[in-house]
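Student: Take a look at the letters that make up each chain.
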Amino acid sequence: MSADLIIRRARIFDPSQNLDEVGDILIRNGKVQALGTQVVVPSGKPIPELDAKGWLVTPGWIDIHTHLREPGQTHKETIRTGTEAAAAGGFTSIACMANTKPVNDSSFITTYIQQKVASESSINVYPIGAITKGLEGQELAEIGSMWEAGIVAISDDGKTVMNSYLMRKALDYSKRFNLAVVCHAEDAHLKGRGVMNEGFNSARFGLRGIPKASEEIIVARDILLTELTGARLHVAHVSTVGSVALIREAKRRGIQITAEVTPHHLTLTDEVVGTYDTNTKVAPPLREPQDIEAVTEALADGTIDALASDHAPHSVEDKEVEYDHAEFGMVGLETAFPLYYRVALQKGVSLKRIISAMTHKPAEIIGVSKGTLKVGADADITIFDPEMKYRINKNEFRSKSKNTPFDGWDVQGKVRYTIVAGKIVYQENAGGNR
Amino acid sequence: MSEKIHKPSHGSNNSLGIKSLLGTEFLEKKQIDQVLKYSFLFKELLDAGKPIPQTLAQKTVILLFFEPSTRTRSSFELAAKRLGGNTLVLTKEGSSAEKGETLVDTAKTVEAMQPDVLVLRHPSAGSPFHLNQILDIPVVNAGDGFHEHPTQALLDLMTLQQFKGKIAGLKVLIVGDIAHSRVARSNIYALKKMGAEVSVCGPPTLLPPKVEQMGVEVYYELDQAVKNKDVIMTLRIQFERLNPGQSPSRGEYSKFYGISESVLKSAKSDVLIMHPGPVNRGVEISPEVADGSRSVILNQVGNGVIVRMAVLHLLTGGELPEGLV
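Same order as they appear, the protein sequences are chains A and B.
Under the working numbering, the residues of the first sequence are numbered 1 to 434, in order.
Under the working numbering, the residues of the second sequence are numbered 1 to 325, in order.
No lab work stands behind these hints, which were simulated from the structure alone.
Built from N, CA and C at the ideal position, the CB exists for glycine as well.
Check before you lean on any hint, since a few could be wrong.
Okay, the calculated beta carbon distance ranges per label pair [stated by the list, open to error]:
id: 1; chain 1: A; residue 1: 410; chain 2: B; residue 2: 213; range: 30 to 40 angstroms
id: 2; chain 1: B; residue 1: 92; chain 2: A; residue 2: 188; range: 42 to 52 angstroms
id: 3; chain 1: B; residue 1: 114; chain 2: A; residue 2: 188; range: 43 to 53 angstroms
id: 4; chain 1: A; residue 1: 387; chain 2: B; residue 2: 30; range: 23 to 33 angstroms
id: 5; chain 1: A; residue 1: 72; chain 2: B; residue 2: 204; range: 35 to 45 angstroms
id: 6; chain 1: B; residue 1: 101; chain 2: A; residue 2: 376; range: 54 to 64 angstroms
id: 7; chain 1: B; residue 1: 228; chain 2: A; residue 2: 410; range: 50 to 60 angstroms
id: 8; chain 1: A; residue 1: 408; chain 2: B; residue 2: 269; range: 55 to 65 angstroms
id: 9; chain 1: A; residue 1: 72; chain 2: B; residue 2: 104; range: 18 to 28 angstroms
id: 10; chain 1: B; residue 1: 238; chain 2: A; residue 2: 290; range: 53 to 63 angstroms
id: 11; chain 1: A; residue 1: 48; chain 2: B; residue 2: 136; range: 54 to 64 angstroms
Chain A on its own, in the form it takes in the complex (with noise of 0.2 angstroms):
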């Protein structure tokens, strides 16, 4: 299949370039060749046009955080399912964690995902690897051998690297190979046998809180480890009022911190957990209405970068259990568009900052070039329906497994194409094509 491609009539938003206009794009081997107004059609072969009339038109979205479970954990999601999740959703590049089974913790796993993805994927995946071996918090992971296979970012995520000392040998020897170190921050401790967030509902609902104090102890530490290091740190699904005062503190200090926020924590807040439905156990817990206010005040002034889904596949058998046994995590690659789309409808946050923080941001900090619609760019492009209703649907998810909490919802804003390299690589069929 040629990857030349024409889009005819779009609204063409990148803020990488400050772009919000209709006009066209010329594709052509992958790249994008030209867009605006004017472009010119090349004579000769034929070339494939998309008519995108009415539809908003972006630099394909990025998803930082997800969870793939290939290799060691297939039942609950694949590679393939997974990246094919993705695509529907709207993201053309991935990043995955490294809490697989086995652990991505050496480059003979990077590489194996890597050749999986080769394979199965039609979207980018990007791995993230290890920051200790096994996760196990005792000694670095081979971070220079992954970095070679090609890892974009260190994280333990799942897990906070409680030895402080050991955090901050990761955030120094980061700077060799100019990775970020991503922080899952939870003092284990502090969480213990927790399974939501702790406060008024916690004691109501009978289950074992876990204090907004757990992650912003370490979201501090890690900042001071940072400022010390003079390392990157990005601070993953950030979910409280505090985490956010630490870091726009650390940012007007200078240090080099990024943040990400996932549809989630923007949306929902604990009194759901009443409900006892398993799907609203995550890592970190839903919180509270005055933490939903921050985070997404935050996204809006751009205190957090990033938006994230932390897509983490569960079975039935991990969520159809007692809360307290329930596994933590939602899926969320296939709800993550609409759920932020909604914060722009009904929160007023932009969407040049939405969609910045799905597009150059998150490419900015993993590094890689993509994230833009500039003449010359790898022609991944996201084409969604800012006016299509619809109801979020678990069934109908790509994704092997069902865990979200927001099954029923009615929302707003539909990926109409997926586009990597020129190449469409999910196309929607609800409501007709052109």
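Fit chain B to the given chain A structure using the hints.
Tutor: Then chain B, alone, in the frame of chain A:
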């Protein structure tokens, strides 16, 4: 947008107007009044040695207990039997997760036996909610983790009504490990709905977060807390549920929070002493107090059976013969 909240699905034909009894948080005062009314009715019949209407005849009550329990289980069993019902006790050690079985599997297994009521005791909060969603029959929460234990609160209300002649206006102090106590939660909700004033007292490490938002007064010092109270409910300290650091030792716990004769010197002379049992003698309560004249601990046990008769009777839509109500 389907915003779901902490509330069981309602709607039922029985006279209580609720399908299941999952917690006192979800009860209205009039529903509590009705349970108490039927409880005293059954008590009268029992005290007079009159026959009990067999409103559970031909009906099966399954008692599914995932936690060891002698007292609550036998209380429910006896309650069902007095009403002529069949009982089946299923005990399972540990969680379904540990056995590779989901809660849904558990529910389906129960359903296949075609019971009329399920009484569930489970170590994890919310488990009765899950089963209530799946099953069409009434589910009675006999204790879920440290969430709720509604029949315990109802029997405590009955005992208060019996010995104090009222509930509204009583000053009730709950002492002990409030954080891990389903009895405390159910009692706080139920007592407040009935117009009592509720205080709690315990080590700060064993109080739930933001407990004052439940509308209770909070004390750390027992001597202060017991003053002017009409009722002291002391809780069993659940050492098996504690994390290290929540209480240094039994001895120290007892020193600061044990109810002894010397503590009661600061209390009203007619203060009522209650305990949900089983008692850790010498830890949360001294033997002298537990067996003393102000203690109604054994009356609570007796009332437990009666309240559970009322609950089972009302939830199964049973009707009493004319003239009894």
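Student: State, for the Cβ atoms of residue 238(B) and residue 290(A), whether the hinted interval 53 to 63 angstroms holds or is violated.
Tutor: For residue 238(B) and residue 290(A) the Cβ distance comes to about 33 angstroms; the hint is violated.
Student: Evaluate the given range 55 to 65 angstroms for the C-beta pair formed by residue 408(A) and residue 269(B).
Tutor: holds (59 angstroms)
Student: Can you let me know if the beta-carbon spacing of residue 228(B) and residue 410(A) is within 50 to 60 angstroms?
Tutor: holds (54 angstroms)
Student: When you take the CB atoms of residue 387(A) and residue 30(B), is the distance between them in 23 to 33 angstroms?
Tutor: Between residue 387(A) and residue 30(B), where Cβ atoms are some 49 angstroms apart, the hint is violated.
Student: Mind checking the hinted window 30 to 40 angstroms against the Cβ distance between residue 410(A) and residue 213(B)?
Tutor: holds (32 angstroms)
Student: Per the hint of 43 to 53 angstroms, is the separation of the Cβ atoms of residue 114(B) and residue 188(A) within bounds?
Tutor: With Cβ atoms ~46 angstroms apart, the hint holds.
Student: If I claimed the Cβ atoms of residue 72(A) and residue 104(B) lie 18 to 28 angstroms apart, would that claim hold in this structure?
Tutor: Since the Cβ atoms of residue 72(A) and residue 104(B) sit about 26 angstroms apart, the hinted range of 18 to 28 angstroms holds.
Student: Starting from the range 42 to 52 angstroms, see whether the pair residue 92(B) and residue 188(A) falls in it by beta-carbon distance.
Tutor: Given a distance of about 30 angstroms, which is not inside 42 to 52 angstroms, the answer is violated.
Student: Is 54 to 64 angstroms a correct range for the gap between the Cβ atoms of residue 101(B) and residue 376(A)?
Tutor: Given range 54 to 64 angstroms: holds, Cβ gap about 57 angstroms.
Student: When you take the CB atoms of residue 48(A) and residue 136(B), is the distance between them in 54 to 64 angstroms?
Tutor: Once the Cβ atoms are compared, 56 angstroms apart, the range 54 to 64 angstroms for residue 136(B) and residue 48(A) holds.
Student: Hint says 35 to 45 angstroms; check whether the CB-CB distance for residue 72(A) and residue 204(B) agrees.
Tutor: holds (43 angstroms)
Figure legend: structure checked against the earlier numbered hints; hints not met, in rising order: 2, 4, 10.
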